[in-house]
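Please construct the entire structure, taking both the sequences and the accompanying hints into account.
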Amino acid sequence: MKAEGDFFKMVFEVVKLVPKGRITTYGAIANYLGTRSSARMVGWAMNKAHSQTEDIPAHRVVNRNGMLTGKYHFGNPTMMEALLKKEGVIVKKDIVVDFKKKLWDPTIEL
DNA sequence: CGTGTGACCGGCG
DNA sequence: ACGCCGGCCACAC
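The working numbering puts the last residue of the first sequence at 115; the count rises by one with no breaks.
The hints are simulated quantities; they were obtained by calculation from the structure and are not laboratory data. Some hints here could point you the wrong way.
Computed beta-carbon distance windows for the label pairs [what the hints assert, rightly or not]:
#1 Ser-56 / Lys-97: 28 to 36 Å
#2 Asn-81 / Gly-39: 32 to 40 Å
#3 Ile-100 / Lys-25: 18 to 26 Å
#4 Arg-41 / Asn-81: 29 to 37 Å
#5 Gly-80 / Arg-45: 16 to 24 Å
No more than 25 Å apart at the CA atoms, straight line, and that leaves these computed lysine-lysine pairs for BS3-like [to be verified]:
#6 Lys-21 / Lys-91
#7 Lys-21 / Lys-90
#8 Lys-21 / Lys-53
#9 Lys-90 / Lys-106
#10 Lys-21 / Lys-106
#11 Lys-106 / Lys-91
#12 Lys-98 / Lys-25
#13 Lys-21 / Lys-97
#14 Lys-97 / Lys-25
#15 Lys-25 / Lys-53
#16 Lys-105 / Lys-90
#17 Lys-14 / Lys-25
Virtual Cβ for every residue (Gly too), placed ideally from N, Cα, C.
Right, dumping it as structure tokens:
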């Protein structure tokens, strides 16, 4: 694994590694990073992702319910659903359909 | 150096 | 089944 200091960079790495049409959860990433109890840090890192110059597909990251919790952070709440839909992920009432099936867990996949 | 905050999660009432 | 509360860690002010 990498250095701990690059916690949030690592989050971006994982998020960027998420295959198109798949989604992951904050908890999964947190667990992968070893901070299982502190999934908030993952979400919080995503907040910082807005500042990053790299394009972080944060729309592929949802909470464990499969709900688009961070959609309000995209500028327009509709953007997140639109992006997901574009990638083949069906979103209904802010919830990802077949979320469990499309879930891409780094701890399992990697 | 101390305090606050956060796109969450899991457990308990 | 639903709602509330605490925990946990990193970063900004």
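Here is what the structure says about each hint:
Take Ser-56 and Lys-97: their Cβ atoms lie about 31 Å apart, and the range 28 to 36 Å holds. The given range of 32 to 40 Å is respected by Asn-81 and Gly-39, whose C-beta atoms sit roughly 34 Å from each other. For the pair Ile-100 and Lys-25, the supplied restraint of 18 to 26 Å holds, since their beta-carbon distance comes to about 20 Å. The hint said 29 to 37 Å for the Cβ distance between Arg-41 and Asn-81, and at roughly 32 Å that hint holds.
Range check, Gly-80 to Arg-45: Cβ separation about 22 Å, and the 16 to 24 Å hint holds. Between Lys-21 and Lys-91, the direct Cα distance comes to roughly 17 Å. Compliance with the 25 Å bound is thereby established for this hinted pair. For the given pair, Lys-21 sits about 18 Å from Lys-90 by alpha-carbon distance, which is consistent with the 25 Å threshold. Our distance criterion of 25 Å between C-alpha atoms is met by Lys-21 and Lys-53, whose separation comes to about 15 Å.
The straight-line distance between the Cα atoms of Lys-90 and Lys-106 is roughly 15 Å, inside the 25 Å bound, and the hint therefore holds. A threshold of 25 Å between alpha carbons decides the hint, and for Lys-21 with Lys-106 the separation of about 19 Å falls inside it, so the pair holds. As the CA atoms of Lys-106 and Lys-91 are separated by approximately 17 Å, the hinted pair is consistent with the 25 Å bound. Of the supplied pair hints, the one linking Lys-98 and Lys-25 holds, its CA atoms being roughly 21 Å apart against a limit of 25 Å.
Distance restraint check for Lys-21 and Lys-97: the Cα-Cα separation of roughly 24 Å lies within the 25 Å cut-off, and the hinted pair is therefore satisfied. Taken as a hint, the Lys-97 and Lys-25 pair is honoured in the structure, with Cα atoms around 19 Å apart against an allowance of 25 Å. Our distance criterion of 25 Å between C-alpha atoms is met by Lys-25 and Lys-53, whose separation comes to about 22 Å. For the hint pairing Lys-105 with Lys-90, the CA-to-CA distance comes to about 16 Å; that is within 25 Å, so the pair holds.
The straight-line distance between the Cα atoms of Lys-14 and Lys-25 is roughly 20 Å, inside the 25 Å bound, and the hint therefore holds.
Checked against the numbered hints given earlier, the structure satisfies every one of them.
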